[in-house]
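Heads up: the protein sequence lines correspond to chains A and B, in order.
Residues 1 to 365 (my numbering) make up the first sequence, in order.
Residues 1001 to 1365 (my numbering) make up the second sequence, in order.
Any given hint might turn out to be false.
What the hints assert, rightly or not - Quick list of in silico lysine-lysine cross-link-like pairs, DSS-like style, CA-CA up to 30 Å:
1) A/K87 to B/K1361
2) A/K95 to B/K1084
3) A/K201 to A/K75
4) A/K87 to B/K1158
5) A/K240 to A/K271
6) B/K1222 to A/K158
7) B/K1087 to A/K148
8) A/K84 to B/K1087
9) B/K1095 to A/K148
10) B/K1148 to A/K84
11) B/K1200 to A/K95
12) B/K1158 to A/K148
13) A/K222 to A/K201
14) B/K1095 to A/K84
15) B/K1201 to B/K1271
16) A/K148 to B/K1201
17) A/K95 to B/K1075
18) A/K158 to B/K1095
19) B/K1206 to B/K1222
20) B/K1095 to A/K87
21) A/K245 to A/K206
22) B/K1095 to B/K1201
23) A/K7 to A/K148
24) A/K87 to B/K1271
25) B/K1095 to A/K95
26) B/K1271 to B/K1087
27) B/K1271 to A/K158
28) A/K87 to B/K1148
29) B/K1201 to B/K1084
30) B/K1084 to A/K84
31) B/K1206 to A/K75
32) A/K148 to B/K1084
33) B/K1201 to A/K95
Unchecked claim - Sample of chain B residues lacking proximity to chain A, with all beta carbon distances greater than 10 Å (derived):
34) E1057
35) F1092
36) V1119
37) D1165
38) W1171
39) D1230
40) G1319
Please keep in mind that the hints were generated in silico from the structure rather than gathered at the bench.
Remember, it's a predicted structure, so these values are computed and weren't measured experimentally.
Every residue, glycine too, gets a C-beta built ideally from N, C-alpha and C.
There are 2 protein chains.
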Amino acid sequence: MGEWRLKPEDVDDIAVGAAVLGAGGGGDPYLGKLMARRVLERGAEIVLVDPDDVDDESFIVAPAFMGAPVTMFEKLPSGAESVKVIKILEGFMNKSFDYLTPIEAGGLNSTIPLYVGGVTGRTLIDGDGMGRAFPELQMVTFHLYGVKATPMALADEKGNGVILDTIDNYWAERIARMVTVRMGGWASIAIYPMEGRIYKKAVIPKTISKAAEIGRELRDAKNSGRDPVDALLEAAGGFKLFEGKIVDVSRWTEAGFAKGRVEIEGLGDYKGRRMIVDFQNENLVARIDGEVVASVPDIISILDMETGEPITTERLRYGFRVVVAGIPCDPKWRTPHALEVVGPRYFGYNVNYVPIEERIKVLAY
Amino acid sequence: MGEWRLKPEDVDDIAVGAAVLGAGGGGDPYLGKLMARRVLERGAEIVLVDPDDVDDESFIVAPAFMGAPVTMFEKLPSGAESVKVIKILEGFMNKSFDYLTPIEAGGLNSTIPLYVGGVTGRTLIDGDGMGRAFPELQMVTFHLYGVKATPMALADEKGNGVILDTIDNYWAERIARMVTVRMGGWASIAIYPMEGRIYKKAVIPKTISKAAEIGRELRDAKNSGRDPVDALLEAAGGFKLFEGKIVDVSRWTEAGFAKGRVEIEGLGDYKGRRMIVDFQNENLVARIDGEVVASVPDIISILDMETGEPITTERLRYGFRVVVAGIPCDPKWRTPHALEVVGPRYFGYNVNYVPIEERIKVLAY
């Protein structure tokens, strides 16, 4: 694709589209927009390239936020901690990073690399390690290809920095999670430093351009009068699973995760039915009247019924009228090995993964 | 003093004497003996010098164990993690350490630097940062003199490593404590890297030789038939506070600390009285029938009545017959600034610090 220089509306589209793919997680798109927009307003450029254009010898890192998204409203990031964490890791590794990659799709975690790239003059890659958002550090395709999460760095907004070098990616997750709790609920991280050679094999390509397309279709639909949810589902290749009103949200923070469950009472064609969606940062499993209709690693996204805007799990509230969408995950997540890492059983559900395209066929309506 | 080359019996004496000064904390002296003895048995030398002999420009670090001592019985250290953690910090700082210093007096934390010194061929300094043991990282005289605890490194026995660079020593304590919890209850640490110039001002000198003397007097008493507790109190400059039988021990692990309380029923001259000692890794406050008779920063040490051997807090058990000793702390701990860091009020007690020499005078017996 050559180089792609982002315009302000691209940033907005990416933040919204990535939040759709983020399955309720990956951070708030409004915060993401603000941060990436700020860079462009200062006159900096945000430049992306395709994974195919990346040299085998180049050195890549993923900047992101880690923690319970709900704590980000209590203390907002300034962006400085996201730049600092890259420098900490570069200092430790005594190398400099040629490219930045998003680790996941999400309203904030897709845009924060844009911010860091713009501020530090580094090129971004149009791809990520999930094609969606997941709650734990080892839940990335890089992990499936044997890439180590560490050395990784964490930094908070106060100026504290931490470097981890662990024996495996599960230990990176365990220790880093505790550090984010102590840092106040979230931290900026720089993770999965790796060479272009392995990155190109392990990446899920085109996540940013896909997010931009979803966001753009949603924007166009508003202007053209087309139903925004229909436009979004078409752009994302997703399915409508349910439509209704939120009647209950319970949430708790457990070991550094925002966990919870939302209950939705059906409206229209779905009247008389009830959907329950469980989440751990991201939406994990959706049931209608007790029957599973979608599960990780497929994407379950809750959208505002009128505007089609994605609603992250920390923003779900009683009374919202919503559409629940199911979007197929990348095929890399559907192998038996990948399902051990991100399938419903890993999260404690006694449920076999069935691709959403199959589940949709047997829904009774 | 020139160079002091340790003999096997010195190691034993240091482990026991340091456990007396350790106020119930600082790790188990038996484990400490075993580790330091092993080095000598392999033919390595353990060499100490006086703080006065250290160059201003030399670079010093403190190796130690951090965490809840009780968890060390569940997974024993191998010593390898204590060597590794020094290398991690040297790699990060791109400097090598000329000397090792104990951070505190304790059965294990006084001997682990001997072990690391012997294994890596580094010289030890006869001094430490407490003259006793304390539960938190900022409770060292180095902190009082403005030395930063970080960069510090942590390592576990599995091979995980962590580096912290925090804005102050309280943040180092908070984040490192969570990391030790996640690492399984304890970690090897390398902390307070500093130059000889500041070390010489901030150190409490001669802690190791003082520990060796206490241990030697205890050993000699056993051979000569003298009462070991009397010999120990004389060598340590301490006071007998109580004598009795342990009738209750309650303990809990809270935020990475071994907390608890021991109740002792008086015997002999103390019959009819009852002592309660509160601890957080170390003994903090001792009361007889509700009246405070000793408190941090003075040293409260619980000794086996027959042998005079110190009993660390994690080994206290119902039925033990014990003497409770009070030993004056170093004068560096008795300033108003120091008492803000380690006085009884820091630990949540509504008690003014009164030097043990004063408290002893007003005891009714």
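Hints, one by one, checked against the model:
1. Among the hinted pairs, A/K87 with B/K1361 is inconsistent with the structure: their alpha-carbon atoms are about 59 Å apart, more than 30 Å.
2. A threshold of 30 Å between alpha carbons decides the hint, and for A/K95 with B/K1084 the separation of about 23 Å falls inside it, so the pair holds.
3. At roughly 37 Å between alpha-carbon atoms, A/K201 and A/K75 are farther apart than 30 Å, so this suggested pair is violated.
4. Proximity of A/K87 to B/K1158 is assessed by CA-CA distance (about 28 Å); at most 30 Å being required, the pair is judged to hold.
5. With a C-alpha separation of about 15 Å, the suggested pairing of A/K240 with A/K271 holds against the 30 Å cut-off.
6. A threshold of 30 Å between alpha carbons decides the hint, and for B/K1222 with A/K158 the separation of about 55 Å lies outside it, so the pair is violated.
7. Between the alpha carbons of B/K1087 and A/K148 the distance comes to roughly 21 Å, so the proposed pair stays at or under 30 Å and holds.
8. At roughly 24 Å between alpha-carbon atoms, A/K84 and B/K1087 fall within 30 Å of each other, so this suggested pair holds.
9. Distance check on the hinted pair: B/K1095 and A/K148 sit about 26 Å apart at the alpha-carbon level, within 30 Å; holds.
10. Under the criterion of a C-alpha separation no larger than 30 Å, the hint pairing B/K1148 with A/K84 is consistent with the structure, at around 20 Å.
11. Between B/K1200 and A/K95, the direct Cα distance comes to roughly 36 Å. Violation of the 30 Å bound is thereby established for this hinted pair.
12. For the proposed pair B/K1158 and A/K148, the alpha carbon gap of about 16 Å is at most 30 Å, so the pair holds.
13. Between the alpha carbons of A/K222 and A/K201 the distance comes to roughly 38 Å, so the proposed pair goes past 30 Å and is violated.
14. Pair hint B/K1095 plus A/K84 holds up; C-alpha atoms about 23 Å apart against a cutoff of 30 Å.
15. For a cut-off of 30 Å, the pair hint linking B/K1201 to B/K1271 is broken: about 46 Å separates their Cα positions.
16. Only pairs whose Cα atoms come within 30 Å are accepted, and A/K148 paired with B/K1201 is rejected, the gap being roughly 44 Å.
17. This hinted pair does not check out: A/K95 and B/K1075 have alpha carbons roughly 36 Å apart, beyond 30 Å.
18. Under the criterion of a C-alpha separation no larger than 30 Å, the hint pairing A/K158 with B/K1095 is consistent with the structure, at around 27 Å.
19. Among the hinted pairs, B/K1206 with B/K1222 is consistent with the structure: their alpha-carbon atoms are about 25 Å apart, no more than 30 Å.
20. For the hint linking B/K1095 to A/K87, the alpha-carbon distance of about 20 Å falls within 30 Å, and the restraint holds.
21. As the CA atoms of A/K245 and A/K206 are separated by approximately 34 Å, the hinted pair breaks the 30 Å bound.
22. Restraint check for B/K1095 and B/K1201: the C-alpha separation of about 22 Å stays at or below 30 Å, so the hint holds.
23. The hinted pair formed by A/K7 and A/K148 fails the criterion: a straight-line CA distance of about 34 Å is larger than 30 Å.
24. Of the pairs offered as hints, the one joining A/K87 and B/K1271 is violated, with about 65 Å between alpha carbons and a cut-off of 30 Å exceeded.
25. Between B/K1095 and A/K95, the direct Cα distance comes to roughly 18 Å. Compliance with the 30 Å bound is thereby established for this hinted pair.
26. A C-alpha spacing of about 54 Å is found between B/K1271 and B/K1087, which places the hinted pair above 30 Å, so the restraint is violated.
27. The suggested pairing of B/K1271 with A/K158 is violated, with an alpha-carbon distance near 55 Å, which exceeds 30 Å.
28. For the given pair, A/K87 sits about 21 Å from B/K1148 by alpha-carbon distance, which is consistent with the 30 Å threshold.
29. About 28 Å separates the Cα atoms of B/K1201 and B/K1084, which keeps this hinted pair within 30 Å; it holds.
30. About 27 Å separates the Cα atoms of B/K1084 and A/K84, which keeps this hinted pair within 30 Å; it holds.
31. With a C-alpha separation of about 47 Å, the suggested pair B/K1206 and A/K75 falls outside the 30 Å cut-off, and the hint is violated.
32. A distance of roughly 20 Å separates the Cα atoms of A/K148 and B/K1084; the hinted pair therefore holds under the 30 Å criterion.
33. Between B/K1201 and A/K95, the direct Cα distance comes to roughly 38 Å. Violation of the 30 Å bound is thereby established for this hinted pair.
34. Every beta carbon of chain A lies more than 10 Å from that of B/E1057, the smallest distance being close to 24 Å; the non-interface claim holds.
35. Annotated as non-interface, B/F1092 brings its C-beta within 10 Å of a C-beta of chain A; the closest such distance is 6 Å.
36. Against the 10 Å criterion, B/V1119 stays outside the reach of chain A, whose nearest CB is about 21 Å from its own CB.
37. In this structure B/D1165 is not separated from chain A by more than 10 Å, as the shortest Cβ-Cβ distance comes to only about 4 Å.
38. Listed as outside the interface, B/W1171 is inconsistent with that label: its C-beta sits roughly 5 Å from the nearest C-beta of chain A, within the 10 Å cut-off.
39. For B/D1230, the shortest C-beta to C-beta distance to chain A comes to about 47 Å, beyond the 10 Å cut-off, and the non-interface label holds.
40. For B/G1319, the non-interface assignment is confirmed: its Cβ lies about 38 Å from the closest Cβ of chain A, beyond the 10 Å cut-off.
Violation of the numbered hints given earlier is confined to hints 1, 3, 6, 11, 13, 15, 16, 17, 21, 23, 24, 26, 27, 31, 33, 35, 37 and 38; the remaining hints are satisfied by the structure.
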